[in-house]
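Residues per chain are reported as follows:
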Amino acid sequence: MTFASISAVTVTLLLVGVFIVMMMNLNKIATNLEEDVEIKVLVDLAANDAAVKELEEKLKSNPNLTDVQFSSNEEELEIMIKGYGEEFALYKQGNPLRHVFYVKAATPQDTAKVAKEIEAYDSTYEVKFGEGKIEKLFNVLNTGRNIGIVLIIALLFTAMFLISNTIRLTIVARRQEIEIMKLVGATNNFVRIPFLLEGIWLGILGALLPMILITIAYFNLYDYIQPKLEGELFQPLDKTPFIFQLNGLLLATGIFIGVWGSFMSVRKFLKV
Amino acid sequence: MIKMKNVYKKYANGVVATNGINIEIDRGEFVYVVGPSGAGKSTFIKMIYREEVPTSGEIIFDKINIAQLKQKEVPQLRRRIGVVFQDFKLLPKLTVYENVAFALEVIEETPENIRKKVTEVLALVGLTKKARMFPNELSGGEQQRVSIARSIVNQPEVVIADEPTGNLDPETSWDIMEVFEKINARGTTIIMATHNKEVVNTIRHRVVAIEGGIITRDEIGGDYGYEQ
Ligand SMILES: Nc1ncnc2c1ncn2[C@@H]1O[C@H](COP(=O)(O)OP(=O)(O)OP(=O)(O)O)[C@@H](O)[C@H]1O
Ligand SMILES: [Mg+2]
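Read top to bottom, the protein sequences are chains A and B.
For the first sequence, the working numbering begins at 1 and goes up steadily by one.
For the second sequence, the working numbering begins at 1001 and goes up steadily by one.
It should be emphasised that the hints constitute simulated quantities derived from the structure, not laboratory data.
Be a bit skeptical, because a hint or two may be false.
[As the list claims (entries may be wrong)] Restricting the straight-line Cα-Cα distance to at most 27 Å, the calculated cross-link-like pairs of lysine-lysine (DSS-like) are:
hint : chain 1 : residue 1 : chain 2 : residue 2
1    : A       : Lys228    : A       : Lys28
2    : A       : Lys268    : B       : Lys1046
3    : B       : Lys1129   : B       : Lys1089
4    : A       : Lys53     : A       : Lys28
5    : B       : Lys1182   : B       : Lys1117
6    : A       : Lys228    : A       : Lys271
7    : B       : Lys1063   : B       : Lys1005
8    : B       : Lys1117   : B       : Lys1130
9    : B       : Lys1089   : A       : Lys271
10   : A       : Lys40     : A       : Lys82
11   : A       : Lys53     : A       : Lys128
12   : B       : Lys1089   : B       : Lys1117
13   : B       : Lys1093   : B       : Lys1063
14   : A       : Lys268    : B       : Lys1089
15   : A       : Lys40     : A       : Lys58
16   : B       : Lys1072   : A       : Lys268
17   : A       : Lys271    : B       : Lys1046
18   : A       : Lys92     : A       : Lys40
19   : A       : Lys271    : B       : Lys1117
20   : A       : Lys28     : A       : Lys40
21   : A       : Lys58     : A       : Lys128
22   : B       : Lys1182   : A       : Lys271
23   : A       : Lys271    : B       : Lys1070
24   : B       : Lys1129   : A       : Lys268
25   : B       : Lys1003   : B       : Lys1070
26   : B       : Lys1072   : B       : Lys1010
27   : B       : Lys1089   : B       : Lys1005
28   : B       : Lys1130   : B       : Lys1182
29   : A       : Lys92     : A       : Lys82
30   : B       : Lys1117   : A       : Lys268
31   : B       : Lys1063   : B       : Lys1089
32   : A       : Lys271    : B       : Lys1072
33   : B       : Lys1129   : B       : Lys1182
34   : A       : Lys271    : B       : Lys1093
35   : B       : Lys1089   : B       : Lys1046
36   : A       : Lys113    : A       : Lys92
[Said to hold, decoys possible] Label-pair restraints from in silico Cβ distances:
hint : chain 1 : residue 1 : chain 2 : residue 2 : range
37   : B       : Gly1212   : A       : Ala173    : 53 to 61 Å
38   : A       : Gly248    : B       : Arg1027   : 32 to 40 Å
39   : B       : Met1001   : A       : Met1      : 42 to 50 Å
Heads up, the beta-carbon is just placed ideally off N, CA and C, and yes, glycines get one too.
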């Protein structure tokens, strides 16, 4: 029984730990991506200089936007030539490209909304952004998070239940002792504390293995992956302080499970 | 010191164990509680050390109404009351000495005081030589002495005993009664539920008879009054 409850804490915290590592890193990737999402506002060909100027003012005064940058059709062509080759230099004769404003949403999650807003402005031809991509990512993240949370809560309860059962067995085994303690006037805390300590111990013992495993795994994984992602947009979370915070959290959760588990059976079976 | 007013106790299963008990017990008294089986004697006794709480009525112990006592305050009450049972309730894995010391350890007495008090009380019940023995190495009478020693080691004002001689042969019962007499002589109040006619009729004290949950007789120096 003791083994079962420690294992339950171990399994729970292992999953909690892996889940948190994944969520935190995905979150980081998502944030990295978000930060990079630019809105590209294509200006209507019919718009004259004044209209362009007006549009720029409008964009700049919109509090939901930051980083408003203008790029004329000539500059756009330069970018194209650089990107796709000298053949495009032909277009210098009659530039078919539009003027462009590059902007960013002040809060990345609002990108789609803000893009809609801009579409309604005069002199815009089209508003483009990494549409769909980030939304999908957010959806995946949210679904993953919700499933994970439900799973973890179920596991937490299982672990608490097993701990409370273990403690109940100890209480039953020490029934006579407890009865006498109460009879001669031991305080409720005096009676209760050993069982709470037992619960805390079970929680700490259960937390040890996940802490060690996750630390080792993350250090190795990080050292393996990080060099490969050198210079990339996605970077794994730094080992420290993340892994220490995670270990602290796992330990605290283990203790919490232990305290709650024992608290439940102490309350039920000691009536103190 | 102990005063009950209209104490009524109905158990969860609907049994009415005491049906309006009124009594006053003074400091230093020795009271036998007698009556047929199921009369409510144990219930009466349990309400004094708050093992049971009356459904209605008042139980005043030295100005405190035990019936209304908060759960948190029960330990303090229990430290002023020693309890002895028919089945001794000793811990089999502890020696005689440890069983008695246990009562002080769990109320966090200092080791020094524990040593002093336990030694003293073991001498009082005549078990100094058997201090290192375990309960299963003792006779019933000796086990009951250990349990009495444990009940008085914290110098309670009252000792409550529920049929303390119920499991003992007549000879041994007299020895145990002698111990209670000694304790009473030191000024400790004693309340004892018993079926032991011989004892009640020989060592005369106040006799309170309970029948059907009410007190039917309360007589100082009275006799047992029932056929056995
Ligand atoms: N915990 C309980 N729950 C329900 N009913 C109880 C409980 N304890 C006692 N009773 C009932 O209350 C009544 C009084 O019981 P009590 O134990 O006080 O009698 P008693 O006088 O001590 O009897 P005895 O001489 O056999 O020890 C009995 O009918 C008994 O069945
Ligand atoms: Mg009884």
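Could you work out which earlier hints the structure fails to respect and list their numbers in ascending sequence? 4, 6, 13, 19, 22, 24, 27, 30, 31, 36, 37 and 38
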